[in-house]
Amino acid sequence: MIDFKKTTLSNGLRVLVHEDATTPMAVMNILYDVGARDEQADKTGFAHLFEHLMFGGSVNIPSYDEPLQRVGGENNAFTSNDITNYYIQLPANNLETAFWLESDRMLSLAFSEQSLEVQRNVVCEEFKQRYLNQPYGDVWLNLRPLAYKKHPYQWATIGKELSHIENATLEDVKAFFFKHYRPSNAVLVIAGAVKYEEVLQLAEKWFGTIPAGEKYVRSLPQEPKQIAARTQTIKANVPLDAIYKAYHVCNRNDKRYHATDMLTDILSRGYSSRLYQRLLKEQNLFSDINAYMSGDIDNGLIVVEGKLSKGVSMEQAEQAINTELQLLQTEQVAVTELQKVKNKLESTAVFAEINLLNKAMNLAYFELLGDANLANTELDKYLAVTAADLQAIAQEVFVPENCSTLYYCAN
Amino acid sequence: MLNRTQAPSFNTIDAIHLLQPEKQVLPNGTPLFVLNVGKEPLVKIEWIFEHKQWSQAAPLLTAACNAMLLNGTTKHSSAEIADFVDFYGAFLQTESSFDQSSVTLYCLSKNLTVVLPLVKEILVAATFPEKELITYQKTQQQKLQVNMQKNDFLARKTFNEQLFGADTAYGCFVQSQHYDALTRTDLLKAYQQIYTANNCTIIASGLLTDDAVKLVTTTFGETDWLGEEVPLMLQLPQSANEKCKLVHREDALQSAIRIGKLSIDKKHPDYVGMRVLNTVLGGYFGSRLMSNIREEKGYTYGIGSNILSMQHASYFYISTEVGAEVCAAAIKEIYKEIKQLREEPIPAQELELVRNYMLGMLLGDLENAFSYADKFKGIYFSGLDYTYYDNLVHTIKTITPKQLQELANTHLQENSFFEVVVGKN
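Residue numbers (my numbering), protein chains in the order written: chain A, 1 to 411; chain B, 412 to 836.
FYI, nobody ran anything at the bench for these hints, they're computed from the structure. Ideal Cβ placement from N, Cα and C applies to all residues, glycine included. One should not assume that every hint holds.
[Unchecked claim] From chain A, some residues computed to sit far from chain B (all C-beta separations above 12 Å):
{"id": "1", "residue": "42"}
{"id": "2", "residue": "196"}
{"id": "3", "residue": "234"}
{"id": "4", "residue": "323"}
[What the hints assert, rightly or not] Ranges of calculated distance between the beta carbons of each label pair, as one might list FRET restraints:
{"id": "5", "chain 1": "B", "residue 1": "434", "chain 2": "A", "residue 2": "411", "range": "55 to 65 Å"}
{"id": "6", "chain 1": "A", "residue 1": "76", "chain 2": "B", "residue 2": "747", "range": "24 to 34 Å"}
{"id": "7", "chain 1": "B", "residue 1": "488", "chain 2": "A", "residue 2": "387", "range": "22 to 32 Å"}
{"id": "8", "chain 1": "A", "residue 1": "19", "chain 2": "B", "residue 2": "524", "range": "42 to 52 Å"}
{"id": "9", "chain 1": "A", "residue 1": "76", "chain 2": "B", "residue 2": "821", "range": "25 to 35 Å"}
{"id": "10", "chain 1": "B", "residue 1": "422", "chain 2": "A", "residue 2": "19", "range": "18 to 28 Å"}
{"id": "11", "chain 1": "A", "residue 1": "387", "chain 2": "B", "residue 2": "422", "range": "47 to 57 Å"}
All chains should be modelled from the sequences, with the hints used to inform the complete structure.
What follows is the structure, encoded as structure tokens:
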């Protein structure tokens, strides 16, 4: 249970506070409601590039990192297809420094040409390091456009190609900032050894005067229902064949979300899971196999992926995966197996609560989804899932025409 | 009117308060350390075993023995063990480093009673079934094949080989045929040698009631898993003569760089000072290496340095992946930064920032019971006590630019460095 109090400033900024007196630290987490899905198709990778630029100095403060490190704090950020999330961890008695820094960059960035120039290079190196210069690193660069034809989830957060990043201009950066980095588009969470009233005063003092700006209204092309199986074959300089099967599933706020997610737990959570025990241990078909849900806010994917054992054909591997997915359609999950998955979810939830940053991020994310208190009811929703729910969703999701398959073949 | 150009005033950290474990000795002589901390109903228990022997002929034996522990006992199959652990919402992990093997249990306090006997069974009655061994060999060989395509993996392994020598536990670069050489007989022999009560240290943290501690004591305090004392075999580094090594990869977009040297261990009086010097050079986001090579030049997504202190050796290293076309330029900048540490005192402002940053990180590290256990492990296995942390805090606060410059001149001389590049240079 994460206790919190919430208020909204007159400029639309939502402020949530979680008091935790067991730590001497504080966390400031600020989530901006903007991700790669909000990019134009010819300027992809921008939300993420922008995240880098947020550290290049703001209108009144030339350096972001340095003053924070000087008071014993550190920070980081990440960008997904849905959100951009920034966080600071620092000794609680220096919390005001976080307010000072974070509010100034919401007010306005410095927009330095030099910062843009350098961060373009850094992001290009990141692109190479994580996506191009790694075996199987480009899987998602291929799988996304195969699974999504209309929705912007068809590109990865790093972007479609290096040239989109290389061509970013300072004008693009400014426009993006004033469109998305406004108070009403953000959720601010403070957690740790803090008091609600004091946080509120600081929030008013530092964020209260930032102009509300124009509210961004999201209107994204929705992905039409997939009606025919899609496949793509890639040949690459990798040692092992691999297979990736992506199925369209519901969105994050859908009632079916938790049961859908739980299907992947049955398939691949822990060493006792079906895919690991049967396909890897018993049948030795794979050296690595996994199933997971993308967890996107808009309609997402379940992906089943595996690296094939030597001598196993692609047909054999795919057939084995299909057999497991069909089993979820034809037979209900047994009582003990369902209980096992729920027990694991329960203990995972308890372990998640010993991490302050994790709690702060959760509150921000669920507030974005509609209500921070959803963070506290999440486990109950998983526990309420029945074997019949799982079967019904498996029958709907695991059908060939809903699937995009990537065959990744060793040269 | 709010003056946004003016930084708010701030506080510095005076002292770091570390919670220390209570020590008990079980009837069979096994030390048990208990950190009863926290409100959440969960525990973490680690069984840690030291590696005393290593054989060049079977370099993988200890790691394989550890990885296969959960693959069957005289009473339960691998699948039954996995089912049991998952059903009780527990996490049972095995881990093997150069110096130690361990089994770690995370579980809800309420399930400890049912899960502990299984852990005991795994420690005394593992069977290493032949079929499981074959699966292990095949899957690991395939994973190795994938890793061999990664520049940073190759750079790390090649660097260790150069620094410590291929014939030592620290430097041996494991190859596919080493997996073929594993046998069930050897695994069982290693198992009986390593996983004994007299080679074990237990560290328990979390919400631990008296009953829970008693349960650990009775379950693991018996004499039925005492073993023979095994003499400690020293692993002295045998560094290569060749200081620079390039592993050329034609299609590389980036080159992985690793530069470093043998260094002093945690017990050396200069060690804590070297931690400060390392932070300045490459130990945080604002470090000199990051500022220069990422934030100014844009050559890399990340670069860092560290000192690792192990049982028989210690080393200092810098690692990064940079655009293949700027590899030579990046290496030049790395040496330039090290040289500057030797030749110029660190400016007071920068050093003050690093002092505060390091103290803040130390404070932030102490988040829950598990973090206190980690801090304990950080000294116990190096033969140190809590005065190490007092000394660390004191040094962070008081070390002078002159002292740091002396450390750089003593410990960071260029001619002692090894350099490995995987990719293009």
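These are the hints, each one checked on the structure:
Here residue 42(A) stays apart from chain B, with its beta-carbon at least about 24 Å from theirs, past the 12 Å limit. Interface exclusion of residue 196(A) from chain B stands, the closest Cβ pair being 19 Å apart, more than 12 Å. Distance check for residue 234(A) against chain B: the nearest CB is about 15 Å away, which clears 12 Å, and the non-interface claim stands. The beta carbon of residue 323(A) is kept farther than 12 Å from every beta carbon of chain B, the shortest such distance being approximately 18 Å.
Distance hint for residue 434(B) and residue 411(A): a CB-CB separation of about 57 Å, consistent with the stated range 55 to 65 Å. Here the CB-CB span from residue 76(A) to residue 747(B) is close to 27 Å, well matched to the stated 24 to 34 Å. Residue 488(B) and residue 387(A) have their C-beta atoms about 25 Å apart, which keeps the hinted 22 to 32 Å range intact. Range check, residue 19(A) to residue 524(B): about 34 Å between beta-carbon atoms, so the 42 to 52 Å window is missed.
The hint said 25 to 35 Å for the Cβ distance between residue 76(A) and residue 821(B), and at roughly 34 Å that hint holds. In this structure, residue 422(B) and residue 19(A) meet the distance hint of 18 to 28 Å, their C-beta atoms being roughly 19 Å apart. For the pair residue 387(A) and residue 422(B), the supplied restraint of 47 to 57 Å holds, since their beta-carbon distance comes to about 55 Å.
Checked against the numbered hints given earlier, this structure breaks only hint 8.
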